[in-house]
Amino acid sequence: MIVSANLPFVSTYRVDGWTALADPTRRAIFERLAERPRAVGELASELPVSRPAVSQHLNVLKGANLVVDHRAGTRRIYQLDPKGIALLRTYLDRFWGRALAAYKEAVEQPTEEV
Amino acid sequence: MSPQATETSIRNSIVVEAAIDRAFSVFTDGIGSWFPSEYNLLDVEIAERVFEPREGGHVFDRGTDGSECHWARVLAYEPPDRVVISWDIGPQWQIEADPEKTSEVEVRFVSETPDRTRVELEHRNLDRHGDGWEGIRESVGGEGGWPGCLRAFAQRVGAA
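Protein chains in written order, with my numbering: chain U, 1 to 114; chain H, 115 to 274.
Bound-form chain U, shown alone (with noise of 0.2 angstroms):
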């Protein structure tokens, strides 16, 4: 997808959650487990990517703080972060600062070109 070729905002150790859940894979990995809580293992089982690939996007989606993760014996179960409304607004709240500093260059652009 367009949007994971190409992520002009994301540092090399964070994006946000908006960006994250742009690629459709992600997008995938996430469903499933809102759905319940799952293992690597299964949900590479489950979608058209390898393991590697798998641990890949749950890595960003923890580095987004839309999933977390615990060890349950030697398996590593992954859920969505249930701290709720909180990840929603700073998302949001990012977004919008990003959004209105893009508007405030556009609006002091010269007449003509908007």
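Be a bit skeptical, because a hint or two may be false.
What the hints assert, rightly or not - To list a few chain U residues with every Cβ distance to chain H over 10 angstroms, as calculated:
| no. | residue |
| --- | --- |
| 1 | R38 |
| 2 | A39 |
| 3 | V40 |
| 4 | G41 |
| 5 | E46 |
| 6 | V49 |
| 7 | R51 |
| 8 | P52 |
| 9 | H70 |
| 10 | A72 |
| 11 | I77 |
| 12 | A102 |
| 13 | A106 |
Claimed, not checked - If the Cβ cut is set under 7 angstroms, some of the chain U residues that face chain H in the computed set are:
| no. | residue |
| --- | --- |
| 14 | R76 |
| 15 | L100 |
| 16 | K104 |
| 17 | E108 |
Since the hints were made in silico from the structure, they are not lab data. Glycine included, C-beta positions come from ideal geometry on N, C-alpha and C.
Following the hints, complete the assembly by docking chain H onto the known chain U.
Just chain H now, kept in the frame of chain U:
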């Protein structure tokens, strides 16, 4: 539902060096010039972002293949002072078909000088998207769980 109103909304404001009329028109008519283009629910690139200038109108993206994604409804359109749109995008990055589960964005334009305008934005009723991410459980199985707006749109026009 949160007992604290502040937890269900965010506020942001910015001062722009422009007259109020221009500030309003760039925010609405000119939304394609600034609204982050990577936030795209279509399967193709956005050719055009449209803000219909009337109450009851929509804000939508038109893709390069002609498909459309309607992601906001215009709830109030009062140039040059105020505009309110719904936010029909669920936390799971999908179009929310149930208006009861959407939040709203109110934008007020306040003239500070003839050439300077303060833009105050409030994105509120975030709790309506469900109990935070908990609400996703329901939406995944239901109509709103359709991952792409394109498919929802296709279904609406009977093409799916």
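Quick rundown of the hints versus the structure:
1. Even its closest Cβ contact with chain H, about 13 angstroms, leaves U/R38 beyond 10 angstroms, as expected for a residue assigned away from the interface.
2. No Cβ of chain H comes within 10 angstroms of the Cβ of U/A39; the nearest lies about 19 angstroms off, and the non-interface call holds.
3. For U/V40, the non-interface assignment is confirmed: its Cβ lies about 20 angstroms from the closest Cβ of chain H, beyond the 10 angstroms cut-off.
4. Distance to chain H confirms U/G41 as a non-interface residue, since its nearest Cβ pair spans about 21 angstroms, more than 10 angstroms.
5. The non-interface label for U/E46 is consistent with chain H: the shortest C-beta to C-beta separation is roughly 14 angstroms, beyond 10 angstroms.
6. Every C-beta of chain H lies more than 10 angstroms from that of U/V49, the closest at about 16 angstroms, which supports listing it as non-interface.
7. With a least CB separation of 22 angstroms from chain H, U/R51 remains clear of the 10 angstroms interface cut-off, as annotated.
8. For U/P52, the shortest C-beta to C-beta distance to chain H comes to about 24 angstroms, beyond the 10 angstroms cut-off, and the non-interface label holds.
9. Taking the minimum C-beta to C-beta distance to chain H, about 17 angstroms, the non-interface status of U/H70 holds against the 10 angstroms cut.
10. The beta carbon of U/A72 is kept farther than 10 angstroms from every beta carbon of chain H, the shortest such distance being approximately 21 angstroms.
11. In this structure U/I77 is separated from chain H by more than 10 angstroms, as the shortest Cβ-Cβ distance comes to about 17 angstroms.
12. Its closest Cβ contact with chain H, about 4 angstroms, brings U/A102 to no more than 10 angstroms, contrary to its assignment away from the interface.
13. At roughly 4 angstroms, the least C-beta separation between U/A106 and chain H is not larger than 10 angstroms, which violates its mark as non-interface.
14. Of the supplied interface hints, the one on U/R76 is violated, with its beta-carbon coming no nearer than about 20 angstroms to a beta-carbon of chain H, more than 7 angstroms.
15. With its C-beta approaching chain H no nearer than about 4 angstroms, U/L100 sits inside the 7 angstroms limit, and its interface hint holds.
16. A hinted interface residue such as U/K104 counts as satisfied when its beta carbon comes closer than 7 angstroms to some beta carbon of chain H; here the least separation is about 5 angstroms, so the hint holds.
17. The restraint placing U/E108 at the interface with chain H holds, with a minimum CB-CB distance near 5 angstroms, inside the 7 angstroms limit.
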